[in-house]
Amino acid sequence: MGKIVGGFMVPHDPIMFQAPEAPAPEVRQRMWAAFDSCAERLAKLDATAVVIVGADHYFNFGTECLPQYLIATGDVDGPMDVMPGLKRQQIPDHQALATHIAAHGHEHGFDWAVARAFTVDHAVAIPDRLIVDPVRKLGQTIGTIPVYIASGVDPYISMKRAIALGGAIRAAVEAAPENERVVVIGSGGISHWVGLPEMGRVNEAFDHEIMTYACEGNLAAMASLTDDYILTHGGNGGMEIRQWAVVMGALPGAKGEIIDYEAVPEWVTGLGFVQILN
Amino acid sequence: MSRNVMERLMHKLCVDRVVKQRFKEDIEGLLSRYKLDDAEKDMLRHMDIPAMQAHGVNPMLTLGFWFENASDPSPMAYMKALQKPAGAVTKQG
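Read top to bottom, the protein sequences are chains A and B. For the first sequence, the working numbering begins at 1 and goes up steadily by one. For the second sequence, the working numbering begins at 1 and goes up steadily by one.
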């Protein structure tokens, strides 16, 4: 029997790699250090697997197939969108647990799309490289299980379904045959306008609203957020709070704490780091 | 008019090297393979980002398309292109 032992919500901002020196030194150092803090906190959880929930950016999936939610059950590498400081590499996986989560979902009303061999994009690669890899280098064996949900390309997965999907992950982990210790990482957000004339705008009020819901474990408030509200106040990139909703759904009732936050227009987003404590 | 076909080709122009190369070397031949009307072809010929977005193309895709195919793929050049009125680039030729 496995257990969800914790969760994180973190950004996956590619501009950090493409223009690392754009923000003021104090700001950029704090944001990189926030990833380090996440890694230190992950190391204390003695995890055997991380489920990293990302968003497709109309990159992994084209018009031929746009899954509502997908799990990678086989070999994993990435990112496909390489950038300075983020080269493509093999990513340690956990095929047995990923396959179990998919199968458990299929038996309980969650028809996962499955990727049997998968190249992730930066949504999964950035937290894997900055948070999980440092813990592996300490000697811990942690397999990464990528999950992609439809929060970048319509039709979007609903907030309620994203929360329920987190619950499905939790139920599957708790039904796992091995004593897995699983951490769920929601990768994305918070407010940002991707590819739009407002690109570079950050809405701190929206960001704090979402972080407050996360820290309170306020599933009802998250579930009630409409797409119109999110698009207006958080931008099209703000739809990625669905990844946060998955984490909250996997840890119902759990409280969180903000590791760090900064609105960084130079990196076109509000960068929020939250740990959910189980 | 088909946003979906536009998005199909633009996704390939983000991830498929062969298609990207043909876009540079034989754009008319490439465009002829897709069910696009003249206005849509003009948007692609002139990389008219505002017109694409007004047409309903996903902004993540217009951004990726620009980064992968523009002669100046910088974010600043993208933002400059984005500020022009839809159709302005196409009309200027």
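There could be a bad hint or two in this list.
Claimed, not checked - Pairs of lysine-lysine, PhoX-like flavour, derived with a Cα cap of 25 Å:
{"#": "1", "chain 1": "A", "residue 1": "44", "chain 2": "A", "residue 2": "3"}
{"#": "2", "chain 1": "A", "residue 1": "255", "chain 2": "A", "residue 2": "87"}
{"#": "3", "chain 1": "A", "residue 1": "3", "chain 2": "A", "residue 2": "87"}
{"#": "4", "chain 1": "B", "residue 1": "12", "chain 2": "A", "residue 2": "87"}
{"#": "5", "chain 1": "A", "residue 1": "87", "chain 2": "B", "residue 2": "41"}
{"#": "6", "chain 1": "B", "residue 1": "24", "chain 2": "B", "residue 2": "41"}
Stated by the list, open to error - Take a look, some chain A residues computed to stay more than 12 Å from chain B by CB distance:
{"#": "7", "residue": "55"}
{"#": "8", "residue": "57"}
{"#": "9", "residue": "68"}
{"#": "10", "residue": "167"}
{"#": "11", "residue": "198"}
{"#": "12", "residue": "277"}
In short, the hints are calculated from the structure, not lab data. A quick note: this is a predicted structure, and the numbers were derived from the prediction, not measured. By construction, the Cβ of each residue, glycine as well, lies at the ideal position given by its N, Cα and C atoms.
Verification of the supplied hints:
{"no.": "1", "hint": "A/44 <-> A/3", "in the structure": "15 Å, holds"}
{"no.": "2", "hint": "A/255 <-> A/87", "in the structure": "35 Å, violated"}
{"no.": "3", "hint": "A/3 <-> A/87", "in the structure": "32 Å, violated"}
{"no.": "4", "hint": "B/12 <-> A/87", "in the structure": "22 Å, holds"}
{"no.": "5", "hint": "A/87 <-> B/41", "in the structure": "35 Å, violated"}
{"no.": "6", "hint": "B/24 <-> B/41", "in the structure": "14 Å, holds"}
{"no.": "7", "hint": "55", "in the structure": "9 Å, violated"}
{"no.": "8", "hint": "57", "in the structure": "5 Å, violated"}
{"no.": "9", "hint": "68", "in the structure": "16 Å, holds"}
{"no.": "10", "hint": "167", "in the structure": "28 Å, holds"}
{"no.": "11", "hint": "198", "in the structure": "10 Å, violated"}
{"no.": "12", "hint": "277", "in the structure": "33 Å, holds"}
Going down the numbered hints, you'll see the structure goes against 2, 3, 5, 7, 8 and 11, while the others check out.
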